[in-house]
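A.B. asks: Here's the letter readout for the chains.
4 protein chains.
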Amino acid sequence: MTLLNTSFRTNFLHTYFKTTVVIPDTDKANYKAVWLLHGYTADDTTWMRNVNIEQLAAKYDMAIIMPEGRNAFYTDSNFIPYYSFFVKELMPKIQGMLPISDKPEDNYIAGVSMGGYGALKIGFLNPEKISKIAAMSPVADIEHFRNNEKSPMPLNTFDTIFDSPEKIKDNQIINIFNQVHPDQKVLQLCGDEDFMHEDNIVLKKFLEDKLNDNYTWLPVKGDHSWTTWSKNIDQVLGWLAK
Amino acid sequence: MTLLNTSFRTNFLHTYFKTTVVIPDTDKANYKAVWLLHGYTADDTTWMRNVNIEQLAAKYDMAIIMPEGRNAFYTDSNFIPYYSFFVKELMPKIQGMLPISDKPEDNYIAGVSMGGYGALKIGFLNPEKISKIAAMSPVADIEHFRNNEKSPMPLNTFDTIFDSPEKIKDNQIINIFNQVHPDQKVLQLCGDEDFMHEDNIVLKKFLEDKLNDNYTWLPVKGDHSWTTWSKNIDQVLGWLAK
Amino acid sequence: MTLLNTSFRTNFLHTYFKTTVVIPDTDKANYKAVWLLHGYTADDTTWMRNVNIEQLAAKYDMAIIMPEGRNAFYTDSNFIPYYSFFVKELMPKIQGMLPISDKPEDNYIAGVSMGGYGALKIGFLNPEKISKIAAMSPVADIEHFRNNEKSPMPLNTFDTIFDSPEKIKDNQIINIFNQVHPDQKVLQLCGDEDFMHEDNIVLKKFLEDKLNDNYTWLPVKGDHSWTTWSKNIDQVLGWLAK
Amino acid sequence: MTLLNTSFRTNFLHTYFKTTVVIPDTDKANYKAVWLLHGYTADDTTWMRNVNIEQLAAKYDMAIIMPEGRNAFYTDSNFIPYYSFFVKELMPKIQGMLPISDKPEDNYIAGVSMGGYGALKIGFLNPEKISKIAAMSPVADIEHFRNNEKSPMPLNTFDTIFDSPEKIKDNQIINIFNQVHPDQKVLQLCGDEDFMHEDNIVLKKFLEDKLNDNYTWLPVKGDHSWTTWSKNIDQVLGWLAK
Chain A
0 MTLLNTSFRT
10 NFLHTYFKTT
20 VVIPDTDKAN
30 YKAVWLLHGY
40 TADDTTWMRN
50 VNIEQLAAKY
60 DMAIIMPEGR
70 NAFYTDSNFI
80 PYYSFFVKEL
90 MPKIQGMLPI
100 SDKPEDNYIA
110 GVSMGGYGAL
120 KIGFLNPEKI
130 SKIAAMSPVA
140 DIEHFRNNEK
150 SPMPLNTFDT
160 IFDSPEKIKD
170 NQIINIFNQV
180 HPDQKVLQLC
190 GDEDFMHEDN
200 IVLKKFLEDK
210 LNDNYTWLPV
220 KGDHSWTTWS
230 KNIDQVLGWL
240 AK
Chain B
0 MTLLNTSFRT
10 NFLHTYFKTT
20 VVIPDTDKAN
30 YKAVWLLHGY
40 TADDTTWMRN
50 VNIEQLAAKY
60 DMAIIMPEGR
70 NAFYTDSNFI
80 PYYSFFVKEL
90 MPKIQGMLPI
100 SDKPEDNYIA
110 GVSMGGYGAL
120 KIGFLNPEKI
130 SKIAAMSPVA
140 DIEHFRNNEK
150 SPMPLNTFDT
160 IFDSPEKIKD
170 NQIINIFNQV
180 HPDQKVLQLC
190 GDEDFMHEDN
200 IVLKKFLEDK
210 LNDNYTWLPV
220 KGDHSWTTWS
230 KNIDQVLGWL
240 AK
Chain C
0 MTLLNTSFRT
10 NFLHTYFKTT
20 VVIPDTDKAN
30 YKAVWLLHGY
40 TADDTTWMRN
50 VNIEQLAAKY
60 DMAIIMPEGR
70 NAFYTDSNFI
80 PYYSFFVKEL
90 MPKIQGMLPI
100 SDKPEDNYIA
110 GVSMGGYGAL
120 KIGFLNPEKI
130 SKIAAMSPVA
140 DIEHFRNNEK
150 SPMPLNTFDT
160 IFDSPEKIKD
170 NQIINIFNQV
180 HPDQKVLQLC
190 GDEDFMHEDN
200 IVLKKFLEDK
210 LNDNYTWLPV
220 KGDHSWTTWS
230 KNIDQVLGWL
240 AK
Chain D
0 MTLLNTSFRT
10 NFLHTYFKTT
20 VVIPDTDKAN
30 YKAVWLLHGY
40 TADDTTWMRN
50 VNIEQLAAKY
60 DMAIIMPEGR
70 NAFYTDSNFI
80 PYYSFFVKEL
90 MPKIQGMLPI
100 SDKPEDNYIA
110 GVSMGGYGAL
120 KIGFLNPEKI
130 SKIAAMSPVA
140 DIEHFRNNEK
150 SPMPLNTFDT
160 IFDSPEKIKD
170 NQIINIFNQV
180 HPDQKVLQLC
190 GDEDFMHEDN
200 IVLKKFLEDK
210 LNDNYTWLPV
220 KGDHSWTTWS
230 KNIDQVLGWL
240 AK
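Protein chains in written order, with numbering that gives the first Met the number 0: chain A, 0 to 241; chain B, 0 to 241; chain C, 0 to 241; chain D, 0 to 241.
A few of these clues could be false.
[Stated by the list, open to error] FRET-style restraints, in silico, Cβ to Cβ:
hint	chain 1	residue 1	chain 2	residue 2	range
1	A	G237	D	S229	48 to 58 Å
2	B	D222	D	P126	39 to 49 Å
3	A	N10	B	H196	43 to 53 Å
4	D	D24	B	D162	25 to 35 Å
5	D	S229	B	K209	35 to 45 Å
6	D	D24	A	E142	35 to 45 Å
7	B	E165	A	R145	54 to 64 Å
Please keep in mind that the hints were generated in silico from the structure rather than gathered at the bench.
Ideal Cβ positions, reconstructed from N, Cα and C, are used throughout, including at glycine.
Chain A on its own, in the form it takes in the complex (with noise of 0.2 Å):
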């Protein structure tokens, strides 16, 4: 296994830009790979603190990729225009500089909370660059997010990422979805004590009605922590694998 800790100078963000990458050791010249999106408040070696992710990725053979995602909502501000920083630089920097396919049968996208938004937003809008799509436990109606009082994100923080009633509304899962009606294929979670397990049921119906044999959903216990995701990753990888 290969443990990469790369930092890159980025000019979309004006910054350096953490990302870490798993790799295994079959030696391919061009591995799969899992895009894998952490939740609000982690970072680029939060997967790797709490799941052993080396282990998946080698039982998988697929490279993880774990960027850093600075709290942007995977989404496009004045402050980090961190969507099209993802799309347009980070992608193909990875995939140029290390042994990853660019081929879209080849990319997946996954995360977790936050990262679930982030990977259904990435994933709904980048077709032909990513055919699987994982959320666990995602923000799945970032209005509702906002206004709940169980959310870790301020009101003010989130207000400087969606900043009018329409960039939420354009913003909503479903409505991304309605707009280029993407035809992958989905996986969604969310433990039944999760709060924002209502919200996730609703995304589940509009998905299983749009998708049909596209969209799988994974029945879990538990709430919104590492204890849910860590019992349910390695499902997840394996989904995205087969």
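With chain A held as given, fit chains B, C and D onto it using these hints.
C.D. replies: Coordinates of chains B, C and D only, in the frame set by chain A:
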């Protein structure tokens, strides 16, 4: 020499935050400390990667603390309440966890460019915590910096931090000084070919008039780059240490 | 939670040496500490990459200190005087620099495989520094380990550390115990399918006879792998913390 | 500029092994590479921490690869078969995984002190992999180094690597050269106050006699320290790049 890459979860910034710290081998219980701030686009490792910081820490027997700045201009904003974080969380955390003195006479702040602005701002506003300030090629006038076509910072990013004419005005170094009337020792330098040289001369005249013998201007050649700063950092740290 | 990647120049080992440290957020001046040793082929980051160490450090409110072992078997040899380094340089350095208690009642040592051997050895030889020992799947008999075809360690590497029959004999855990007659609390576990299970049973019988109520055997299932250790580390740290 | 801290499990060394790599931003598929070796007591981060390596990598548009040396003298020994690891595992691994050319005309090796010895040794023995060698203040005579009271390396450590008079003899740079008669380009420098200056002059006379125009001696002032090396590394990398 001990090098520490620290990462801790901050309640102010709602994320993990990195600080690189260098501690000499003299086994003191309470080192004098230089809080060394970086410029726009850099991070907590930039000083180490451009200048022989460890050799200088050993030479002057001081700890050097290099926090990441996240392009936040060392200022409170909706997205990143950096200034409050620095003063209320970072300083006590580092002083409490590491063998760093918390006495003002042992704490100095220095920085380059945006970090030079940060050093003057954080220093002037906290004379009970910090006794000496060294500003290398600081952003001496943030309004001019905003409008200068040579500035590397996009307007929309700048405007998320300084989001009104009043906020710009309140955060000008000269206005901060006039508000608190600090009497710390201040060193300022700026290369003669720096694109912010004129603004630095204005600030120089203001500060030498206010601070008299407590103010030192170090005349240096060069532009706004590491070539200039690497030539002068030894002298700057020596001035802080004496 | 604070994560520290420390690197310092050691006079014993004549090189820079890495130790990963995790400190809870409870802002104590002197944390109880677990010195957590890794096995052959691993390094200072291995525990973090396989087990949710930070969650456990928070759960038990203890600092966890994970030094790199450099395949040195936690033993003094001509190439690497590791044991002396650990006791005379690493422990005082870390206890002096970080908020770690230096009282024996607050310092515990644990490890897995080669690190389980190290925990027993360093622990037994230093009752004035360490009060509890947890050995997970330890190399319980180094001579058997040397000659076991399932051992991952090449003979010539082993023989540079234990370079005579006398040195092997002197460094057997049972002989170390008989030499110093320590009376610390000891926990031992070894999976029922571990290739060193038999040697562990011999050591178990010896230690429970000598230590009586101070000795605890934790019967577990599994082989010599992280699958076994990740299942049991919570219970091991819980035993140390109580 | 991209900075990569890589760590991979090596089958030769039976452990995780760290290599720091710097890659310019010019997005090439196959960069020219300098394998840059450190001296006794240093590690894979030492070059970055003492010299502005990234600026130089950009200036000469070359990747710079800095593996940890583990005090192994870049030589096969019972404890660490470093030489075999470097040639058979490290070079193909890095060239296969990163955008580094594997052509000999694109691969250069350089080093300082013990790393200067390593550069000469690995370079001379592998002309089909490496076309230019730069030795900065190399250990030019390992027997003299062993017996020199100014040497930082303990005798017993040295003797675990070079464990017989024959092994010392076989590993002298002059004898390695005579064995393989390489005809690569070689640059050598050594400060006039270096404690190994005389040995360097002997090697200089030998190599200029054998290599003629392929040999370059760079006369420099200074002692055996980073003060000397930081002044000259720009010129050394420039010589490799031209």
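A.B. asks: Which numbered hints does this structure break?
C.D. replies: Those not satisfied are hints 3, 7.
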